Every structure is written in structure tokens, then in C-alpha cells.
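Visitor: Sequence:
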Amino acid sequence: MDIRSQRLSTRRDRRRLEALPQPRAFPKGRINQSTFPLPTLGPILRDLSRELYSGRGFFVLRTLPVDDYSREDIILIYAGCLVVHRFPPRCPGQGCGGPGPYQGLDRRPTPPKAIGAPAYTTDKQVFHTDAGDIISLFALETAAEGGTSRISSSWRVYNELVKTRPDLIKTLSEPWTHDTYGGDPPFRNRPLLFSEEDKIIIQYARRIFTGFLGLPRSQEIPPITEAQAEALDAIHFLAEKYNLGLNFQKGDIQYINNLSIFHARDAFTDTAEKKRHLLRLWLRDEEHAWKLPKPLEEPWQRLYYTAKEDEHRFPQQPEIRSASKGKGGAAEGGKYV
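Using UniProt numbering, the letters of the sequence shown map in sequence onto residues 1 to 337.
Check each hint, because a few of them may be wrong.
Result set (SDA-like, lysine to any residue): computed pairs, CA atoms no more than 25 Å apart in a straight line [what the hints assert, rightly or not]:
(1) K274 - Q249
(2) K199 - L168
(3) K274 - R50
Okay, the calculated beta carbon distance ranges per label pair [stated by the list, open to error]:
(4) P222 - R302: 25 to 31 Å
(5) D198 - T164: 35 to 41 Å
(6) I44 - P166: 38 to 44 Å
Quick caveat, the hints were computed from the structure, so don't treat them as lab data. Keep in mind that this is a model prediction, so the values were computed, not measured. Glycine included, every Cβ here is placed at the ideal spot set by N, Cα and C.
All chains, full assembly: derive it from the sequences and hints.
Guide: Written out as C-alpha cells, the structure reads:
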């Protein structure tokens with residue numbers, strides 16, 4: 001898959017964006033196609049969903065006029081307009097999942113013992129996957145310096161390993177012990193590599209097997225094997241070799257297929273005047289979604305289909321999830337970032 005040639009723009013559709021419904025006209029817990037109708041822009045957004053699942057697997061929409069709206073309004077426009085018409089709720093009007101979890105990201109000085117994931121530092125974040133089908137990031141503000149968003153095709157990494165290190169393909173296809181960091185159960189066993197209906201899926205985050213700052217690997221779990229360490233390194237260096245940096249700007253929305261593309265982020269620097277602030281949604285479009293391997297069904301179920309309408313949250317200020325400290329979460333006891 002040649003991901004380097006894919007980049008989309010919403011500039012020519014700016015008139016449609018300017019004609020959006022008033023965000024406060026619908027209840028926050030019931031964002032769907034009936035409460036946020038988009039007769040003109042909606043079909044265009046639905047086409048982009050097909051592109052994510054059956055095409056290049058990523059795109060960048062630019063640029064939403066962030067400063068033209070209040071913080072509350074721009075958050076609801078993002079969730080209501082640019083999400084629900086690509087990724088409708090599983091059961092419209094019945095409150096079984098909604099468009100997906102929402103998360104505000106920020107980087108603030110935090111004691112190392114309170115940090116359990118590299119996402120909550122300003123350091124480089126290596127290639128990995130999250131839980132979920134599609135990852136969406138909306139830049140309310142970019143960093144003063146650095147913070148380039150990077151993607152890399154997991155299919156290209158797989159093809160390279162097939163040619164050069166087929167032994168590591170076998171290792172990745174075998175069960176690995178995933179630390180849940182105090183979760184119940186304390187660990188889970190599953191492969192990192194799956195083949196489902198002729199689609200290769202690699203789901204991994206290095207920190208689950210190595211620990212990170214305030215969340216070291218649990219002592220009760222055996223260390224990874226030499227072959228597993230080599231496989232993690234192989235994925236890392238190949239993803240770096242074939243990566244594409246995205247020029248993520250204020251007002252841009254990035255979408256990637258988490259089942260076929262790794263993502264990472266460069267280190268960055270904030271200033272008092274310019275602080276990186278992203279909104280994130282984990283999305284799933286039932287119309288185009290891939291069949292999941294059995295071991296991924298449970299975390300996907302927790303992520304998308306357990307929240308009730310009155311539990312949907314749209315925080316206007318950044319916050320750090322407790323899952324980053326190992327207290328559970330959507331993805332196997334921790335934050336897959």
C-alpha cells in the first residue's frame with residue numbers, strides 16, 4: 001500500500017462547513033444523523049469512511065476554523081458533524097455506543113511515577129496501535145516546536161518481514177503475555193499478528209511488554225523472550241524506515257485505519273503562548289468495518305458498545321485518563337497509545 005500519495009482537503013468544501021447546524025441544538029448524549037442533519041456534506045463524509053476501510057487507510061481534513069467558534073461548539077461540531085456522518089452509532093437512537101469515546105490530550109509537567117504511557121510526555125512516541133478501528137485526532141492547537149504526527153503501513157512492515165524474517169512472523173503469530181497492570185485478569189494471552197478474511201492485522205504497543213516509567217512490567221509476569229524482543233525491534237525499525245510525516249496544523253483532523261496503519265509522534269516543545277492540544281475519537285463504521293479476530297472482540301465491545309447516552313462525556317479542558325496509571329480502560333487494562 002503506497003500511503004505516501006494520499007492526502008485530502010476540505011478547503012473546497014468550506015462553504016458547507018460554514019453552513020453547519022448550531023451545535024447546541026441537539027443533546028450532547030444523542031449525537032446522531034437525526035439530531036445533526038447534513039444533507040449536503042454527509043454523503044461526502046460517508047465516502048471518506050469507505051476510503052479508510054477499503055482505500056488508502058488514512059486522510060487529513062483541513063482546516064476547521066477553530067477560532068471562529070467557542071470551545072464547546074467546536075468540540076460538538078467535531079463529534080457531531082465530522083464523525084457521525086462517517087461513523088454512525090451502532091443502534092441509532094438507542095444509545096448503544098454513540099460515535100465513540102472522546103479524549104482531550106494535553107502535556108503538562110507530571111511526576112514520572114504518575115505517568116504510565118508515553119502519550120503523556122513531550123518525548124517521542126514510538127510506533128504503536130490503539131484499540132479501535134479508526135483513530136481521529138483534531139488539532140485545537142499545535143506545539144510551539146516539533147510534535148510531527150507520523151504513520152506507517154503495518155502491511156508494508158508485514159510484507160518486509162515475510163521476505164526477510166519469516167521466523168519473526170511465526171513469533172508474532174504466537175500468544176504473547178499482555179500485562180494489564182493490576183487489571184482483572186492480571187494478564188491476557190493473545191498474538192500480535194492476525195490474518196482475518198485475507199486482511200493482516202497487527203495490534204501492539206511496545207510498553208505493554210516493556211513497561212514505562214510509572215508502570216513497569218508486573219513482576220508476576222515472565223519477561224518477554226529473546227525472539228519476542230527481536231520481533232518488537234523489527235516492527236519498530238521497519239515502521240520508522242517506511243514512515244510518512246503529516247504536517248498537522250491547527251484545525252486539521254487526521255483519520256487513520258488503526259488495523260492497518262501504525263502511528264507515532266515526534267517529541268515537541270510547548271510554550272506559555274502555544275500549547276499542543278488535541279481531541280481524539282476512536283471510531284467504528286459498522287457498514288464498512290472489518291471482521292475482527294476473536295481475541296480483539298472483547299476490548300472492541302468494551303470500547304464501543306458499553307457506554308450509555310448519559311455517560312458520554314465532552315470535557316472542554318484536557319485531562320489525563322486514569323487508565324494511563326494502570327487502572328483499567330478500553331484496551332486491555334491500559335491505554336494503547
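Visitor: Could you grab the alpha-carbon distance between K199 and L168 and see if it respects the 25 Å cut-off?
Guide: Holds, at roughly 18 Å.
Visitor: CA of K274 to CA of R50, is that 25 Å or under?
Guide: This hinted pair is violated, its Cα atoms lying about 35 Å apart.
Visitor: Given the hint of 38 to 44 Å, check if I44 and P166 actually sit that far apart at their C-beta atoms.
Guide: Cβ of I44 to Cβ of P166: about 43 Å, so the range 38 to 44 Å holds.
Visitor: Check the following: the C-beta atoms of D198 and T164 are separated by a distance inside 35 to 41 Å.
Guide: violated, 22 Å
Visitor: Hinted pair, alpha-carbon criterion (25 Å max): K274, Q249. Please report holds or violated.
Guide: holds, 13 Å
Visitor: For the pair P222 and R302, does the Cβ-Cβ distance stay inside 25 to 31 Å?
Guide: Check passed, 26 Å falls within 25 to 31 Å.
Violated hints, listed in ascending order, are 3, 5; each of the other numbered hints is respected by the structure.
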